[in-house]
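Chains A and B, in that order, are what the protein sequence lines are. Counting in the numbering used here, the first sequence runs from 1 upward without gaps. Counting in the numbering used here, the second sequence runs from 1001 upward without gaps.
FYI, nobody ran anything at the bench for these hints, they're computed from the structure. Built from N, CA and C at the ideal position, the CB exists for glycine as well. Check before you lean on any hint, since a few could be wrong.
Said to hold, decoys possible - In silico lysine to any residue, SDA-like type, Cα no more than 25 angstroms apart, as pairs: (1) K344/A <-> F1002/B; (2) K344/A <-> L1159/B; (3) K14/A <-> L1159/B.
Said to hold, decoys possible - Chain A stretches covered by chain B per the calculated footprint, using a threshold of three residues with CB under 8 angstroms from any CB of chain B: (4) 145-151; (5) 285-296; (6) 321-332.
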Amino acid sequence: MAFDPTDVALTIVKIALVLAITLSITPVMVWVERRGSALIQDRPGPNRVGPLGLLQSLADALKFILKEDFVPAQAHRWLYTLAPTFGLLPAVTTVAVIPFGRPFVIPELTLFGRTWFEGGRLFEPIIADVEIGILLIFALASLAVYGLAMAGWASNNKFSLFGAIRASAQMISYELALALAAIGVLMSAGSLRLTDVVWRQTGNFVLFGVEWLKIPAWNVFPMVIGFIVFIVAAFAETNRLPFDFAEAEAELVAGYHTEYSSMKFAMFFMAEYMAMGTISALTVTLFFGGWDIPWWSEPATFAGFLLSALAFLVKVSLLLFVFVWVRWTLPRLKYDYLMRIGWKVFLPMAFVNILIVAILIAMGWI
Amino acid sequence: MFEIVVFFFFAVVAVAFALMVVLHRNPVVGAISLVVSFFSLAVMYVLLDAPFMAALQVIIYAGAIMVLFLFVIMLLNLQHEPEPLNRPIQRFLGYFAGSAFGLTLVYYVVKAGVTVPRAEVPFLSDAHTIGVRMFEAYIFPFEMVSILLLAAIVGALMLTQREVVRRDERLADLEQEKPR
């Protein structure tokens, strides 16, 4: 592969952009979570630091940095220190294969006495458009469990260990349902590439042959069962209520991160919110048309890119709010119930979804 | 150039962590070292233009099988092995045989790599090619493996089922003992 400086520069710009947005998910979501929970529980919530308490996250971050970084005496020092990094890495890296806007042509540009982007250049708003796209996400996400397992074991605390064991069992079980629910989408796209998945969803379904009765060709409409399984499995994979058995503060103190403090704890905290962001972005890409704006075909210009990227962000934000909404609405399930519905309800539902999609494709309806 | 740097970095990581698996006394550290080693192997697949294989390597070995291993190790709560047994002869033989085997392997791989020309046929390993091969040329072995796995699942269910039945019976017994 030829080395192209412009290409490298564009990739670096994309990485910086995506990383900045991913990293800012945590402070924003902390604020949304705290204000959202207050809204749902009919109380004011944090409102002292900055207008509407907007700077609360900053205060929290400062607090984390200033706290003592404590390592328990009987802990396994190496694994204890490495665990937060293991937890954070998959959350940061998986966004690389998610397309975040409509590709557009950068026009030729003369600046500082040099011609840039000769003859126009296609800008693909995705860091790595690899052929295995979604498999890469599943591969990296399947490594996230090691962060939790290492943390729980290395802390040398029975509550941490219980949290870690529960988390591993839960994540293995629901990984299966998550991947199987996504298969319908991949079948209709005929590709593992997420850009193909999004392109497949641009345009409209015309209902009953009536020209003005059209809905966006998003996968959520024909594959509603798959979507339900996927979103429930997503809650389980990110250890959010009603499936937060890895923490379960009423039973396990704080689960796998009981012994963690200071920035190490903050890293677990960040990993949780970033994993939520990633899985929301993936759900939007798979089921809600990614950057597609309904009933409008985006032009291949910078404006089209900006609007589509905005649409993508709006969809992801709405889904993230659903995460908060569900957390403060539903109580925690029982652990055996979680395992039972995982294997006996959601797994068969995922298979039914594959069957339905196969029939729809065979009939030529999608 | 870039590929060579990546190759040697991950080759060293893979071998070093594979050695950790064998030499480290703590089973949890061993299991996690194996995960790192598997991950480095996946990078090798990417360098060989087989990203699909790389993804499967990470999903199946690092993501599924090793999680189960780690799970079992944590459940059994294996602590440090007791101090090394004093068996100098066996120890010497182990190290000697291991390193002799490794050196022989390196010698023949280098020899073959230098003399044997690379295959001219393009190496295809994308999802489509593998899927078609698996469901056309290798359909019989594929189906046999699924039957084997099914048998394993049924066996595992049978082993766990026994206790549940007994608990049901106990509940039935309790029902009968209830004073009326």
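For each hint, the structure was consulted:
no., hint, in the structure
1, K344/A <-> F1002/B, "48 angstroms, violated"
2, K344/A <-> L1159/B, "19 angstroms, holds"
3, K14/A <-> L1159/B, "53 angstroms, violated"
4, 145-151, "holds (count 4)"
5, 285-296, "violated (count 0)"
6, 321-332, "violated (count 0)"
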